[in-house]
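Participant: Residue numbers (this note's numbering), protein chains in the order written: chain A, 1 to 307; chain B, 1 to 307; chain C, 1 to 307.
Because the hints were derived from the structure by calculation, they are not lab data.
Honestly, I wouldn't trust all of these hints.
Each pair may be met inside one copy or between any two copies, as identical chains are not told apart.
Calculated lysine to any residue pairs in the SDA-like style (CA-CA distance at most 20 Å, straight line) [unchecked claim]:
| # | residue 1 | residue 2 |
| --- | --- | --- |
| 1 | Lys-151 | Arg-5 |
| 2 | Lys-120 | Glu-206 |
| 3 | Lys-248 | Ala-166 |
| 4 | Lys-39 | Leu-303 |
| 5 | Lys-153 | Asp-256 |
| 6 | Lys-180 | Asp-217 |
| 7 | Lys-255 | Pro-191 |
| 8 | Lys-39 | Asp-215 |
| 9 | Lys-238 | Glu-27 |
| 10 | Lys-39 | Ser-71 |
| 11 | Lys-150 | Gly-45 |
| 12 | Lys-39 | Gly-304 |
| 13 | Lys-180 | Gln-225 |
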Amino acid sequence: MDWRRKDLLEIRELSREEILLVLDTAESFKEVSKRDIKKVPTLRGKTIITLFFEPSTRTRTSFEIAAKRLSADTINISATTSSVVKGETLKDTALNLESMQPDVIVIRHSLAGAPHILSKILNSSVINAGDGSHEHPTQALLDLFTIREKKGKIENLKVVIVGDIAHSRVARSNIFCLKKFGNEVVCCGPPSMIPPYLDTLGVRVEYKLESALKDADVIMALRIQKERGGVSFIPSLKEYATFYGLKKEHISLAKDDVIIMHPGPMNRGVEITDEVADGPYSVILDQVENGVAVRMAILYLLLGREQ
Amino acid sequence: MDWRRKDLLEIRELSREEILLVLDTAESFKEVSKRDIKKVPTLRGKTIITLFFEPSTRTRTSFEIAAKRLSADTINISATTSSVVKGETLKDTALNLESMQPDVIVIRHSLAGAPHILSKILNSSVINAGDGSHEHPTQALLDLFTIREKKGKIENLKVVIVGDIAHSRVARSNIFCLKKFGNEVVCCGPPSMIPPYLDTLGVRVEYKLESALKDADVIMALRIQKERGGVSFIPSLKEYATFYGLKKEHISLAKDDVIIMHPGPMNRGVEITDEVADGPYSVILDQVENGVAVRMAILYLLLGREQ
Amino acid sequence: MDWRRKDLLEIRELSREEILLVLDTAESFKEVSKRDIKKVPTLRGKTIITLFFEPSTRTRTSFEIAAKRLSADTINISATTSSVVKGETLKDTALNLESMQPDVIVIRHSLAGAPHILSKILNSSVINAGDGSHEHPTQALLDLFTIREKKGKIENLKVVIVGDIAHSRVARSNIFCLKKFGNEVVCCGPPSMIPPYLDTLGVRVEYKLESALKDADVIMALRIQKERGGVSFIPSLKEYATFYGLKKEHISLAKDDVIIMHPGPMNRGVEITDEVADGPYSVILDQVENGVAVRMAILYLLLGREQ
């Protein structure tokens with residue numbers, strides 16, 4: 001199949017075929033980063049702008065490396081140095097950037113739906129690198145890529161997502177993605193972090209970690225977003241760690257070949273202990289590595305599509 | 001004619017021939033940004049430093065994209081992350097950067113004349129990307145390019161500049177530029193924003209917007225620079241908007257083929273309404289697009305000159 | 001000889017042969033920056049990350065220019081925009097970056113030993129661009145390169161280092177470097193800025209500037225690090241300038257062909273007067289120029305080593 005979309009805005013709207021096309025394309029790009037000369041000329045002469053209104057190392061760096069390994073030119077704009085301090089609207093910032101004829105604008109914004117607004121007004125491709133508590137589609141794609149790599153399949157798995165489901169765009173994108181492939185998804189966290197709509201997505205809720213983890217194929221720990229008020233939903237980090245922090249003794253409740261995932265950055269000792277984060281079941285650094293390959297694939301597909 | 005200058009410091013010192021050479025060169029570069037591979041090898045192996053002591057998205061990005069499309073290497077330095085916090089003088093910062101053998105230093109600084117100081121002590125080419133309330137020459141050049149593109153000529157036009165003339169480097173550079181080609185320039189704004197020297201530049205002043213706009217070929221709205229204390233010269237933004245904000249009903253006072261310009265970023269609802277900014281007479285996004293072509297031309301001319 | 005080290009962490013561990021290899025390699029790279037096309041394809045397809053937890057113009061820019069002139073891709077990460085604000089540990093930040101398969105991570109950190117920690121856990125090459133008050137090896141190498149260039153030798157010289165020896169990584173790296181080649185090193189400063197261990201390094205201490213400078217071949221003034229509390233060790237900047245600031249009359253105490261060095265950024269009028277900084281004996285800007293060549297050499301040696 002061919003890729004037809006101009007933008008990557010959310011997992012929810014993607015078909016299984018589109019998701020598989022991204023994964024297969026990423027597979028072929030993963031090898032590039034292992035070469036001695038880590039660069040292919042595919043996107044030479046293309047201009048890719050990262051427009052980040054929230055701080056980020058990993059995601060911005062991952063996109064920038066992906067773009068450079070495809071030989072594209074990259075321009076980084078972060079909110080603190082941008083015209084945003086001059087009170088320009090997001091729409092005007094976007095239209096101005098578009099007038100400089102970039103090929104792709106990668107946007108992270110605290111407002112859910114911001115990438116969708118850009119998508120409608122821009123001819124450039126728009127990639128959602130995280131919008132509020134809504135979606136973070138490349139994270140879900142790299143997570144699925146990692147699951148396929150480690151488990152050999154992406155169907156009929158039991159995936160347990162632990163943490164602040166209500167405010168996590170990573171959780172939402174993963175739920176949409178995993179349910180498209182018929183996986184069992186269980187969400188687990190304190191009641192204040194469980195949104196009311198989960199049953200409509202076919203997701204089961206467990207408030208007790210030990211019950212949730214039973215026979216899990218995949219465990220995803222979410223980050224407590226201290227910098228975004230995440231602690232206001234729980235009595236204390238210590239209490240959260242006690243009841244929902246992933247510890248070594250939890251592993252034995254899951255399947256023998258369980259994998260442990262975390263989107264990073266980790267709060268060690270809160271949502272995950274060192275033993276689990278650095279242990280044999282952890283695929284956390286594989287996620288980061290695969291992120292570059294998946295983002296190369298997305299850039300390639302968006303820019304190489306039939307126009 | 002050949003370009004002979006090492007630096008681009010101000011419009012005031014340029015001849016008509018030099019200005020036309022920039023415009024003609026920009027014409028040929030505009031096409032590069034519309035190609036599938038937006039890149040020419042012209043400045044491969046050249047190093048271009050952007051040294052910004054004031055925040056900017058548009059101008060820094062425009063220079064960076066221009067440089068990259070010419071295959072130059074770019075280095076961005078912004079005041080907040082630079083040695084400036086360590087109390088180094090501007091002269092020492094510049095001499096240190098020069099020792100790393102860059103070809104061009106693009107500087108924005110709140111001090112009028114800062115680029116001229118650098119020009120005298122550096123062998124590298126210096127481009128003024130805005131110095132205090134003094135000049136912003138590439139803005140005037142891209143504005144003139146846009147006028148030529150839209151009106152087919154750059155002479156004998158009536159150009160009305162509306163806003164804070166006294167504190168605007170954009171206004172000053174445009175006045176110098178437009179007067180060189182024998183245009184009628186009318187400045188309009190509240191008395192607190194009109195500098196005393198305008199008549200010496202051959203510029204007429206009107207305090208009433210409706211009178212100023214009569215038969216205008218070009219209307220340039222300036223930005224109220226809220227972040228630089230611009231509001232302290234007016235009773236309120238609301239009052240400014242009432243008397244000097246460009247509204248739809250003003251268009252009919254001008255010529256039928258009037259064009260509306262704004263250097264951005266816009267304060268919508270203050271100096272310009274949405275209807276005008278987004279209406280059929282607006283060429284605001286053309287200005288941004290042409291900015292890349294004009295900056296490619298400047299970089300090309302400065303580095304390709306007879307030495 | 002061949003370069004065998006994965007990392008450049010400190011001068012202390014380098015052999016004389018290794019140091020000479022860096023200097024000779026830098027010699028051949030210095031010419032690249034003087035070409036019309038300042039670029040060689042040596043490191044095409046390599047990814048170099050600068051990870052700076054302290055502000056810097058000169059060092060970060062020098063590394064970035066060095067990398068680009070070798071055709072490597074560069075990614076800049078500064079602490080203020082990074083995940084550090086999200087509370088991630090240095091180790092996790094490093095492991096995450098490593099998962100994106102960079103070839104080199106250049107790190108500056110306020111914690112002495114931070115690069116050594118990274119070195120142990122990463123396969124990527126690590127370059128110490130300054131760690132707390134510990135070492136700044138590329139500074140010492142570019143200083144030695146400059147001394148060799150100006151004096152024709154790097155042995156049997158009298159080198160006087162003036163200033164806050166106790167808190168200066170530049171001083172420490174230079175002491176280790178200069179002593180390896182059998183130079184006489186004299187440290188001079190107020191007692192509060194002289195560490196107790198200098199005699200164990202074979203360094204002589206003088207508290208009186210005039211005595212210290214007698215027959216010096218090289219004088220290095222250190223920077224008073226105002227932004228890092230440097231003034232808390234002295235009664236006042238004025239008093240420091242009176243007793244330890246380098247002035248024109250000091251030059252005649254040294255050898256006729258003395259050279260004056262400063263790692264920058266300078267506090268003019270404090271540790272050095274304008275007359276000395278800009279005078280005929282000053283090689284301060286040569287140091288900056290040579291910094292690019294030395295960093296090109298380091299990147300080349302680390303990435304081209306036998307693996």
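Participant: Against this structure, judge whether each hint is valid.
Facilitator: Do the hints match the structure? See the list:
| no. | hint | verdict |
| --- | --- | --- |
| 1 | Lys-151 x Arg-5 | neither (29 Å within a copy, 38 Å between copies) |
| 2 | Lys-120 x Glu-206 | neither (39 Å within a copy, 41 Å between copies) |
| 3 | Lys-248 x Ala-166 | neither (26 Å within a copy, 45 Å between copies) |
| 4 | Lys-39 x Leu-303 | both (17 Å within a copy, 16 Å between copies) |
| 5 | Lys-153 x Asp-256 | within (16 Å within a copy, 65 Å between copies) |
| 6 | Lys-180 x Asp-217 | within (17 Å within a copy, 58 Å between copies) |
| 7 | Lys-255 x Pro-191 | neither (26 Å within a copy, 65 Å between copies) |
| 8 | Lys-39 x Asp-215 | neither (41 Å within a copy, 54 Å between copies) |
| 9 | Lys-238 x Glu-27 | neither (40 Å within a copy, 57 Å between copies) |
| 10 | Lys-39 x Ser-71 | both (7 Å within a copy, 12 Å between copies) |
| 11 | Lys-150 x Gly-45 | neither (35 Å within a copy, 28 Å between copies) |
| 12 | Lys-39 x Gly-304 | both (17 Å within a copy, 18 Å between copies) |
| 13 | Lys-180 x Gln-225 | neither (27 Å within a copy, 50 Å between copies) |
Violated hints for the displayed structure, listed by number in ascending order: 1, 2, 3, 7, 8, 9, 11 and 13.
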